[in-house]
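Participant: Sequences and hints are given; from them, build the entire structure.
Protein chains in written order, with the working numbering: chain A, 1 to 165; chain B, 166 to 799.
Don't take every hint at face value.
[To be verified] Per the computed footprint, the stretches of chain A lying under chain B, defined by three or more beta-carbons under 8 Å from a beta-carbon of chain B, are: (1) 26 to 35; (2) 63 to 73; (3) 89 to 96; (4) 117 to 128.
Note that these hints are calculated values from the structure, not bench results.
All C-beta atoms in this analysis are idealised placements derived from N, C-alpha and C, irrespective of residue type, glycine included.
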Amino acid sequence: METDTKLRKFGRVCEIVDKYDRNPSKLIPILQEVQKEYRYLPEEVMTYVATCLDMSPARVYGVASFYANFALEPKGKYVVHICDGTACHVKGSGAIKEALYKKLKLSGDKPTTDDLMFTVEAVSCLGACGLAPVMTVNEKVHGQMTAESAEALIDDILAEEADNA
Amino acid sequence: MLKQQIDLNTVKKEYQEKADALKQRLIICAGTGCVANGAMDVYEALVDELKRQDLNVTVSLQKENGKAEDGYYVSPSGCQGFCQAGPLVTVQPQGWLYVKVKPEDVAELVKETFVRNQPLERLLYKNPADDKIYAKQEEIPFYRGQNRYVLGDCGLIHPEDLDEYIAKDGYLAAKKAYTEMTSQEICDTMIASGLRGRGGGGFPTGKKWAFTLVEESEKKYVICNGDEGDPGAFMDRSLMEGNPHRIIEGMMITARAIGADEGYVYVRAEYPLAVQRIQRAVKDAEAAGLLGDDIFGSGYSFRLVVMEGAGAFVCGEETALIASIEGLRGMPRPKPPFPAQSGLWGKPTVINNVETLATVPMIIHQGFETYRKLGTEGSPGTKTFALTGHVVNTGLIEVPFGATLREIIFDIGGGVTDNMDNPDPNGFKAVQIGGPSGGCLTEEFLDLPLDFDSVRNIGAMVGSGGLVVMNRSTCMIQVAHFFMQFTQNESCGKCVPCREGTKQMLVLLEDIMEGRADQGTLDLLDDLAQAVLLGSLCGLGKTAPNPVLSTLKHFRAECEAHIFDKRCPTGQCKALAIPEILADKCKGCTACIRKCPVDAITGERKQPHVIDPELCVKCGTCAQVCKFNAIVGV
Ligand SMILES: Cc1cc2nc3c(=O)[nH]c(=O)nc-3n(C[C@H](O)[C@H](O)[C@H](O)COP(=O)(O)O)c2cc1C
Ligand code: FES
Numbered sequence: 001m002e003t004d005t006k007l008r009k010f011g012r013v014c015e016i017v018d019k020y021d022r023n024p025s026k027l028i029p030i031l032q033e034v035q036k037e038y039r040y041l042p043e044e045v046m047t048y049v050a051t052c053l054d055m056s057p058a059r060v061y062g063v064a065s066f067y068a069n070f071a072l073e074p075k076g077k078y079v080v081h082i083c084d085g086t087a088c089h090v091k092g093s094g095a096i097k098e099a100l101y102k103k104l105k106l107s108g109d110k111p112t113t114d115d116l117m118f119t120v121e122a123v124s125c126l127g128a129c130g131l132a133p134v135m136t137v138n139e140k141v142h143g144q145m146t147a148e149s150a151e152a153l154i155d156d157i158l159a160e161e162a163d164n165a
Numbered sequence: 166m167l168k169q170q171i172d173l174n175t176v177k178k179e180y181q182e183k184a185d186a187l188k189q190r191l192i193i194c195a196g197t198g199c200v201a202n203g204a205m206d207v208y209e210a211l212v213d214e215l216k217r218q219d220l221n222v223t224v225s226l227q228k229e230n231g232k233a234e235d236g237y238y239v240s241p242s243g244c245q246g247f248c249q250a251g252p253l254v255t256v257q258p259q260g261w262l263y264v265k266v267k268p269e270d271v272a273e274l275v276k277e278t279f280v281r282n283q284p285l286e287r288l289l290y291k292n293p294a295d296d297k298i299y300a301k302q303e304e305i306p307f308y309r310g311q312n313r314y315v316l317g318d319c320g321l322i323h324p325e326d327l328d329e330y331i332a333k334d335g336y337l338a339a340k341k342a343y344t345e346m347t348s349q350e351i352c353d354t355m356i357a358s359g360l361r362g363r364g365g366g367g368f369p370t371g372k373k374w375a376f377t378l379v380e381e382s383e384k385k386y387v388i389c390n391g392d393e394g395d396p397g398a399f400m401d402r403s404l405m406e407g408n409p410h411r412i413i414e415g416m417m418i419t420a421r422a423i424g425a426d427e428g429y430v431y432v433r434a435e436y437p438l439a440v441q442r443i444q445r446a447v448k449d450a451e452a453a454g455l456l457g458d459d460i461f462g463s464g465y466s467f468r469l470v471v472m473e474g475a476g477a478f479v480c481g482e483e484t485a486l487i488a489s490i491e492g493l494r495g496m497p498r499p500k501p502p503f504p505a506q507s508g509l510w511g512k513p514t515v516i517n518n519v520e521t522l523a524t525v526p527m528i529i530h531q532g533f534e535t536y537r538k539l540g541t542e543g544s545p546g547t548k549t550f551a552l553t554g555h556v557v558n559t560g561l562i563e564v565p566f567g568a569t570l571r572e573i574i575f576d577i578g579g580g581v582t583d584n585m586d587n588p589d590p591n592g593f594k595a596v597q598i599g600g601p602s603g604g605c606l607t608e609e610f611l612d613l614p615l616d617f618d619s620v621r622n623i624g625a626m627v628g629s630g631g632l633v634v635m636n637r638s639t640c641m642i643q644v645a646h647f648f649m650q651f652t653q654n655e656s657c658g659k660c661v662p663c664r665e666g667t668k669q670m671l672v673l674l675e676d677i678m679e680g681r682a683d684q685g686t687l688d689l690l691d692d693l694a695q696a697v698l699l700g701s702l703c704g705l706g707k708t709a710p711n712p713v714l715s716t717l718k719h720f721r722a723e724c725e726a727h728i729f730d731k732r733c734p735t736g737q738c739k740a741l742a743i744p745e746i747l748a749d750k751c752k753g754c755t756a757c758i759r760k761c762p763v764d765a766i767t768g769e770r771k772q773p774h775v776i777d778p779e780l781c782v783k784c785g786t787c788a789q790v791c792k793f794n795a796i797v798g799v
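Facilitator: Given below as structure tokens:
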């Protein structure tokens, strides 16, 4: 049973690798698609990709760990990015980050809540600087934030989750 | 099967007929800023309301749809630049601009605009400086001071409508390049135009192409650098989202100029909409036979691949970007060989910035003489800037080179704001130009005509075009620290001066912010900056010390206050702050006196208390226990 699900899991990875003709130079788009599937890059999947592309697992891991967008740990259901680019920084993004860290009991070293609900990360420039300070929740942009409005946003999500549960 | 070649004139004519049959057009800004503020809800509400009013509304002028006689066309556009006032709605042909439009405004908007045929005053822009109301977009000071040469169509055309792009004379320049010009002629025209790369370096584009043209190789590549990683910059994003065909056309011309048949558009992962728009545009261009084989019957081929980045600032550097496309860690390599000689998979490659490529079709179409009329001798043309920070009108702007910072910040930007976003006429402190490779400029440079060379001469960089305005409450040491933190994080780790040097510079800056610095710190910082500047492998390290050096130079007094007086003049550096009790707020309750662990607070009951700065350890306990918010500076 367990091997069955595992096989099915790798089946999807197989499709992705085949879509790119098992071309080693397409490693980055392959990992991007695999990550969309799992929401992070599990170690065994990276090893599997390496075998498919006929390269060493170290090479895959090297690429995966180099780029910030590849996650080697599972992320929360809601990924919150707080912009700490120049424009947002001078408009007080630090306070928003602190408020959310405090509210969700997180820190720079522990970005994801234990229930895998939220991941909070500071990122540099989301490219919506005209609306600084900016944050995104699962890629939806929220502009002109304050610590209070950011907390309210989290409360809304929590309330919605509670309703759905 | 032989593919039908697209006839640009017919497409243009057909589109024009449809557009002329319209009565009015509503353009809703669908740039990232306006969408975040709810522009798409406004869009839907407008379409619904027009339908409800039984007006003949259309949402697409595509070929399949018939003419909308006396109709109303509602379309999205790319960023119109005035992000501060979004969501924006423009009414054509009148040119009225509505700002901060909400779905609940829509019924009234439709009634006034279309039924009574006059602008709805309540939604027009009102200048906070003099309360004057402006109906037309072009009259608003924010727009009046600009020359939207590259960005112009960005906020007008439907970004996903190839026909409209063609109706605006799109792809005519590509046709000219493929059917009437030789590669050498294209390179010569670009050299004569004096166009310089907008990606930061300012290298002459024509020269770069000519170097690549002379390389003999069966395979050559063109790459569009859409990695725009500078924090505080979003010009390239807006172009990719708002006018993707222009970039494709620019790449086609580049390919023809150097003899390439394949190209890559590398877009930053943080820009999902840009990726989507470019992909769509590539598909449409392929379907129309603009990309593929035998372009315009010339016998030449050109194909495009869109690639999404994976989040590494250093991949904006050209050799790192090439490594990333090859599926490797995005680390720069030493130059030479330059990409012109050995680029993607070892083949001659031209890599240009988005804005550079978007300028190319206009130069070919209008001729280099027309282009040279804009800007300065050494830096012809215009430059887009992302104007952000403590400024009244934040947004995306474009001015000819030679404009001054004063014009940009005060005329277009409407002046400086305080921390509560209110205008503050005396608030200007500095403007950061060029992102992590640039520097902070002070008031004395406000009247300097901006171009590549003048800015470099004062130790900053035009860079990609981020302009972050800072008001007088900003601590410049913290700003320098912020950039150092950025470059230190983004250093790829390949070369020691950059990897270790930025880290140590960061530590030295922390010493200054936290009161541990002395003259030695300053000297060491200076030495280290020189070492990193000279010893680093790529532009990231070579320019990383700029923000620090420019702060040391232009804000000497502020640095010295931190180092020698252990004082932060703006009160932003927590470790240097001296807690103080505001006499008018203190009720004399003695709560702080009782809680202070080092007995640094004295005072009589019902009398204002005072803190002895010599004894105080800045633990902040007093501020926590004070019920009257009388304690500041911790
Ligand atoms: C660290 C670093 C980051 C860079 N980031 C970008 C970028 O985001 N976009 C860009 O167009 N050029 C960037 N560049 C410049 C490119 O290396 C290259 O010079 C440029 O894309 C050439 O195009 P241009 O001649 O049209 O300016 C960066 C350079 C360095 C050293
Ligand atoms: S600095 Fe925050 S979006 Fe650009």
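Participant: Which numbered hints does this structure break?
Facilitator: none
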